Amino acid sequence: MMVTMYSLSKPYDYWRPPKFCLRVLEAYPTGGPLSICNDPYPHHGGTFRLKKPTPFRLSLSATEYSPGDIITVTITSTTTDKIKGFQIAAHSTFGRWDRLFGEFLTYPQHSSPYIYYSNVTNCVSHGKKFTKTRQVIFTWKAPEVSVGDLIFSATVVKHFTKFWVNHTAVLTAKSPAQPNVVPPPLQTETGDFMPQLNLDKCGTESGCVTHPKDCSADDCNFAISYFPVVGGIRFRLLNKQAKSLQSYVGMGISRDQKMTHDETFICMDIAGSLDFAHGYNPAYYNIKVQSDEVFDIAIQSVDGAISCEFTRKLKGNFTYYGHKGLANFIVDYTHSLQMAEHHIYLTWGVPYEGAKETVLKHIQLPMVSQSKVAFNKKSRTKFYYLHDTVKLHATFMVLAWSGVISIAIIISRYYKDGFISTNDMICGAKAWFQIHKWLALLAALFTSAGFISIYIRVMGLEKKELLHAGCGVAVMILTVVQVVMGLARPDGDAGTKRIVFNLMHRLTAIVVYVLAAATMMIGANIHYMSETMKTAGKGIVGGLFGFQIFAIFVLEIRKRCTAPRDFEDAQQIRKNDDQGVPLYDSMGFDDTGRRTPHSAPHTKSTALFVAYVMTMLLLLASFLTVLWREF
1 MMVTMYSLSK PYDYWRPPKF CLRVLEAYPT GGPLSICNDP YPHHGGTFRL KKPTPFRLSL
61 SATEYSPGDI ITVTITSTTT DKIKGFQIAA HSTFGRWDRL FGEFLTYPQH SSPYIYYSNV
121 TNCVSHGKKF TKTRQVIFTW KAPEVSVGDL IFSATVVKHF TKFWVNHTAV LTAKSPAQPN
181 VVPPPLQTET GDFMPQLNLD KCGTESGCVT HPKDCSADDC NFAISYFPVV GGIRFRLLNK
241 QAKSLQSYVG MGISRDQKMT HDETFICMDI AGSLDFAHGY NPAYYNIKVQ SDEVFDIAIQ
301 SVDGAISCEF TRKLKGNFTY YGHKGLANFI VDYTHSLQMA EHHIYLTWGV PYEGAKETVL
361 KHIQLPMVSQ SKVAFNKKSR TKFYYLHDTV KLHATFMVLA WSGVISIAII ISRYYKDGFI
421 STNDMICGAK AWFQIHKWLA LLAALFTSAG FISIYIRVMG LEKKELLHAG CGVAVMILTV
481 VQVVMGLARP DGDAGTKRIV FNLMHRLTAI VVYVLAAATM MIGANIHYMS ETMKTAGKGI
541 VGGLFGFQIF AIFVLEIRKR CTAPRDFEDA QQIRKNDDQG VPLYDSMGFD DTGRRTPHSA
601 PHTKSTALFV AYVMTMLLLL ASFLTVLWRE F
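Numbering (UniProt numbering), first residue to last: 1 to 631.
Rather than coming from a laboratory, the hints here were simulated on the basis of the structure.
No experiment lies behind these values; they were computed from the predicted model shown.
Incorrect hints may appear among the rest.
[Said to hold, decoys possible] Computed list of lysine-lysine pairs in DSS-like fashion (alpha-carbon distance at most 27 Å, straight line): (1) Lys-158 <-> Lys-174; (2) Lys-391 <-> Lys-372; (3) Lys-201 <-> Lys-372; (4) Lys-240 <-> Lys-129; (5) Lys-141 <-> Lys-128; (6) Lys-240 <-> Lys-258; (7) Lys-430 <-> Lys-559; (8) Lys-258 <-> Lys-378.
Work out the full structure, taking the sequences as your base and the hints as a guide.
Encoded structure:
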């Protein structure tokens, strides 16, 4: 068993958080945002850096420096390939990676110079009008005091999907670094010094959020415990999901169930190098921050499974460079000790290959505490995957199409002759028609509610799930068409109009029902759900529609088996017509319009319908239980 530990016993001001977000950032042809100064890995639609040797070289005009020296920095293409985009900065070789040093005095035309946590230009990227070239040259001035050995790091972009990271060149200091100029790196220690996450004490000595809910430290996949300490809140994270040396686990604190205006904390293992990251989500993206609000950090990696702990100050603030410039975020968790004001998120994933500290956004859905928590209360709750609005969406759609419409189809096809007798009437119309009509309207209402709930949640169409979204929009449109068509139903004596209506109504119903089933099956296989969720979702949806097909098969066989009697009735009608027998009696009705006994609905048919409805309701109840309790 491999155990690696990092610890830090005092506050520090260096953080390297990953992309703790739900959307992939796109390329910046007009120049990278300010955040690239501390995250130089291009987020080009999730594209990875090229593994083949880079055609570009980073070089310096000197190998050593003294305070105030001027150094020429050059990025050159060794082939005919041209530089389309770049990012460059100077870092400490032993300190915090996001602390940038020196000042860029000159840089290529149409570049974007940045001031990152400094008062001088210490980071440069390509600009909007930057022209592709085979060489870019910079003039860089060393700090006024020695900060120790430095390393220049550059990212070079040849094409949107073709780029290289970590072009490096070392600049050695002629004199030792001045004290307290460069924050020290994390201290590495060995041995199991971090306390075990004792889940047996959840609810008595600390609050906990776990998955599964009633798991122990041995069988929990994920767990977060929290308890107040002097001046702060102590958090402990446990993750057994990532069984590799390339992984991270993180948590977020949020007032709602959306990834906006949240504070994030990430513990990562990048090829055996453990690190901690502090960040903030202004919207659906993450910003790296520098602060001294988190301290007493310990990270442990055991065979690739990461656990860590840290203390977050109750009060404080930090600045961050957002897409719109420098901003300030004030934190005060004092009221959250007693009041349940925040949800806790937990997420995990892997880093970008070849990156020093940049990780991929989570592929699967983050888990969220089922309820808001108070950090001073010894409660235990569980994580869930799906937001309540997503669950509402699934609930409404499954009730509408696997439940209500399925029953309406059975009634309209197999029970037009009534349930108990042919005199079944409701409000002056046949019972089957009234029930079918109101079930259709109820299904339309459920569909609209499901459509609106998810539209509000994602604020439009989800780009990564266009197939599911597109099919859902088509279902909504066809549902409205079907309802309008039903309201305009011609009378029974309308002749050709009624025939055309019946044909169109039936055809539209078949198309929208099949499309709804396909849409739900696609929805059960959305990419960011876990394999367990996908398997359970597809199994439940498939089971519901599979039962509907089985019911149709059974009722269709029964209907076909009664066809010979229908044929005999037709023969009898012709014979009686020749003998002058009244038509009502020929069709199995007496002269008052009532069915004769041999043509009344069979008791077994009614029993089949009751059994069908009860089974369908049982399946729907099982689905809703799994959805709301496990997802």
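Please flag the earlier hints that this structure goes against, numbers listed from lowest up. Per hint list: 1 and 4 violated.
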